[in-house]
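Asker: All chains, full assembly: derive it from the sequences and hints.
Number of protein chains: 2
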Amino acid sequence: MLSVREIARRVANGEISAQAALVESESRIEARDGELRAFASRPQALVPGEGPLAGVACGVKDIIDTADLPTGMGSSIYEGWQPRADAAIVMALKAAGATIAGKTQTTAFAFLDPAPTRNPHDPTASPGGSSAGSAAAVAAGLIPLAIGTQTGGSVIRPAAYCGAAAIKPSYDLLPTVGVKPYSRSLDTLGLMAASADDLGFALAALTARPELDAAEASLEGLRLGLNRQEFAEAPEPACEEALQRIAALAGQAGASVIERAAPAELADAYKAHGPLQDWEATQALGWEYANHRDALPPKLRAYLDQARLTTPAQYDEARRVARRGRHVTEAWLGEVDVLVTYAAPGEAPATLASTGDSRFNRLWTLMGTPCLTVPLMRGPRGLPVSFQLVGRFGADAQVIAVAKALERLIVAAA
Amino acid sequence: MLSVREIARRVANGEISAQAALVESESRIEARDGELRAFASRPQALVPGEGPLAGVACGVKDIIDTADLPTGMGSSIYEGWQPRADAAIVMALKAAGATIAGKTQTTAFAFLDPAPTRNPHDPTASPGGSSAGSAAAVAAGLIPLAIGTQTGGSVIRPAAYCGAAAIKPSYDLLPTVGVKPYSRSLDTLGLMAASADDLGFALAALTARPELDAAEASLEGLRLGLNRQEFAEAPEPACEEALQRIAALAGQAGASVIERAAPAELADAYKAHGPLQDWEATQALGWEYANHRDALPPKLRAYLDQARLTTPAQYDEARRVARRGRHVTEAWLGEVDVLVTYAAPGEAPATLASTGDSRFNRLWTLMGTPCLTVPLMRGPRGLPVSFQLVGRFGADAQVIAVAKALERLIVAAA
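Protein chains in written order, with UniProt numbering: chain Y, 1 to 414; chain P, 1 to 414.
Since the hints were made in silico from the structure, they are not lab data. Here the structure is a predicted model, which means the values were calculated and not measured. Worth double-checking, as some hints may not be accurate.
Put simply, identical chains are the same to the list, so a pair is met inside one copy or across any two.
Said to hold, decoys possible - Calculated cross-link-like contacts (lysine to any residue; reagent style SDA-like; alpha-carbon spacing at most 25 Å):
#  : residue 1 : residue 2
1  : Lys404    : Gly334
2  : Lys271    : Val321
3  : Lys94     : Pro312
4  : Lys94     : Trp81
5  : Lys404    : Ala248
6  : Lys94     : Glu265
7  : Lys271    : Asp172
8  : Lys404    : Trp81
9  : Lys404    : Ile258
10 : Lys271    : Gly394
11 : Lys94     : Ile77
12 : Lys271    : Glu30
13 : Lys299    : Gln244
Answerer: Spelled out as structure tokens, the structure:
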């Protein structure tokens with residue numbers, strides 16, 4: 001599979017047609033998706049657009065409205081549901097010339113009940129969730145680009161489990177209009193691709209912000225904060241190994257690796273993610289819960305049974321704690337250029353019954369900070385294990401720039 | 001028409017049935033709506049619910065999703081469109097026992113092209129917009145409660161023009177899930193009713209926050225800030241007269257009326273409303289603009305033609321200015337208990353071609369502060385003229401408490 005940038009370059013040069021690039025994706029999907037089950041629905045034909053992403057076949061998570069493809073939300077309640085309009089992100093894709101390759105499988109309403117998708121590295125392991133289809137389709141090389149959403153860890157986690165690069169940009173950088181809400185203060189659109197370089201290229205094209213297609217950062221003298229998210233249970237040893245490996249690579253390239261424990265306020269903020277999401281999810285899925293509770297999958301049903309007991313006072317307190325946390329995060333992250341931490345608690349779970357654990361992603365989603373992961377290594381079970389970069393709110397370009405430098409080191413060291 | 005609180009009291013006492021209260025609304029709608037044109041669609045029958053709002057027939061603006069009534073957005077593009085799920089606010093109404101009386105007319109996508117609704121006081125005058133049907137139906141006494149939305153001045157302005165009470169609560173107090181977005185940082189749900197007392201009662205019932213059903217404030221020693229929104233063009237003399245009249249009433253009742261000019265940062269924030277809304281509306285209506293531009297009404301079409309020229313840098317700057325403005329507003333409003341200012345620039349326009357002007361509402365929508373208006377007096381053309389209370393973000397209960405005290409003075413002075 002050609003990279004997003006390479007497709008763009010060749011199409012612009014006239015080396016290949018946008019149609020030919022799409023046919024390449026189409027034939028890979030035809031060949032592999034029967035097993036992988038990354039797609040929920042697909043158009044009759046992939047028609048090329050015009051713009052910087054012409055020829056780029058992009059998967060769109062199936063909680064995102066599309067005017068010409070059904071939007072099933074991963075749930076029988078929305079089976080065959082056909083929205084009237086495209087979501088804003090779909091319009092942004094089309095405006096940039098990308099072609100919607102299809103809707104990608106999601107866990108029901110982007111919660112924890114597994115999607116049918118398989119991990120491309122091991123069909124018995126979880127692809128993660130909730131953006132399972134987007135991560136698997138990109139990691140398997142079916143498509144060069146896909147859109148996911150993250151409320152806890154639903155972009156970074158499946159990407160890390162499947163071995164894709166992914167960015168969850170700063171909150172609201174990508175507009176969520178037309179995305180089925182789960183928790184409106186948390187829901188964030190993200191991108192998956194083969195590399196940080198592609199993420200920057202695509203994000204710039206989708207936002208009309210050319211600075212997001214950032215040049216590779218110099219690691220010489222870069223202050224790389226190393227954080228272990230002490231407020232959460234420790235990960236598997238392979239994740240610690242990955243963290244040390246990337247820190248060592250960066251250090252050898254001239255970066256100052258500085259251990260940074262999280263301020264106490266962030267441990268409070270980490271806990272506030274729960275009641276905040278609980279209250280908002282109860283509202284977002286109020287119709288489904290009241291009218292179709294029995295059709296909800298078991299984890300989501302049990303979750304909502306509990307979540308609806310959240311009180312306004314608990315929600316308000318969670319918002320206050322989150323607000324304080326954002327102020328503290330801003331200052332704390334300002335002490336370094338970028339933070340490196342765990343992306344996930346381990347390799348993908350060795351089961352299709354779990355989508356894994358978002359404990360190393362939730363805080364950053366709540367803080368609204370940009371997060372990025374690129375593939376690094378394999379763990380003891382042969383599955384991808386990686387790390388996560390975190391930057392200050394709005395510093396998406398910087399995170400991309402550093403990720404590009406690190407991924408060059410990773411390739412060189414391989 | 002009985003008040004919301006009186007319906008609730010009588011239903012709870014067994015003096016009337018919830019069904020009888022609904023029949024009362026239904027027959028008023030049947031009698032008057034042919035002329036008033038407040039409703040876009042209505043259910044076959046009004047079925048009573050259970051809860052504090054049992055027997056309360058509530059109008060719901062037609063940009064708010066309903067699972068069993070079409071949602072036309074005031075536009076031919078969505079004619080007959082039937083959403084799958086109820087919006088969160090509709091679920092909140094149902095959970096509180098209210099009955100959806102119907103969908104109320106809205107300007108197309110809540111912008112400035114007039115809805116077909118008439119002003120109940122003068123069929124040749126504007127009812128305002130964008131929540132025209134909600135304001136007119138409540139002001140005409142067809143229903144005791146209605147839901148609107150405000151992005152500029154679309155709750156307070158039509159209420160002031162039609163002579164209804166209305167509250168635009170703090171941003172995000174009422175969840176906008178399932179409401180067609182126009183500008184996501186601004187869009188705020190609001191309530192219309194006959195009095196501040198009813199607004200507090202209904203808002204408490206819809207949010208499970210009993211403190212919003214606030215007791216009447218004591219005016220003795222209350223610090224009432226008087227502000228003329230100097231950053232905007234002066235209103236018609238009747239609006240200044242209304243402001244002085246309510247200040248005099250409050251002063252006679254023991255309040256300290258303190259003139260408060262707005263800090264310079266708020267004049268900047270006032271101007272930032274434009275580019276912020278422009279950028280977000282371009283995204284929110286991207287599909288409609290790209291696919292159905294010719295079907296958009298002329299003001300919205302011309303607006304989007306211009307709005308799409310907004311750059312990311314202009315949007316980012318508007319967000320920064322708004323953030324600074326919110327900090328300044330918080331401190332500035334903290335110097336008084338509540339602010340009183342103009343609700344609208346005059347009586348309702350003497351034309352059906354304009355929905356009037358939101359210049360005295362836009363800043364507060366951007367600041368996210370609670371705003372409330374109650375009927376006060378008539379202007380030279382015999383149409384309602386009133387004032388607006390503004391409180392600190394989150395101080396909705398205080399605004400309601402003061403409004404209740406003021407409306408008692410207004411009734412006593414009448």
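Asker: Checking each numbered hint in turn, tell me which of them this model violates, lowest number first.
Answerer: 6, 8, 12 and 13
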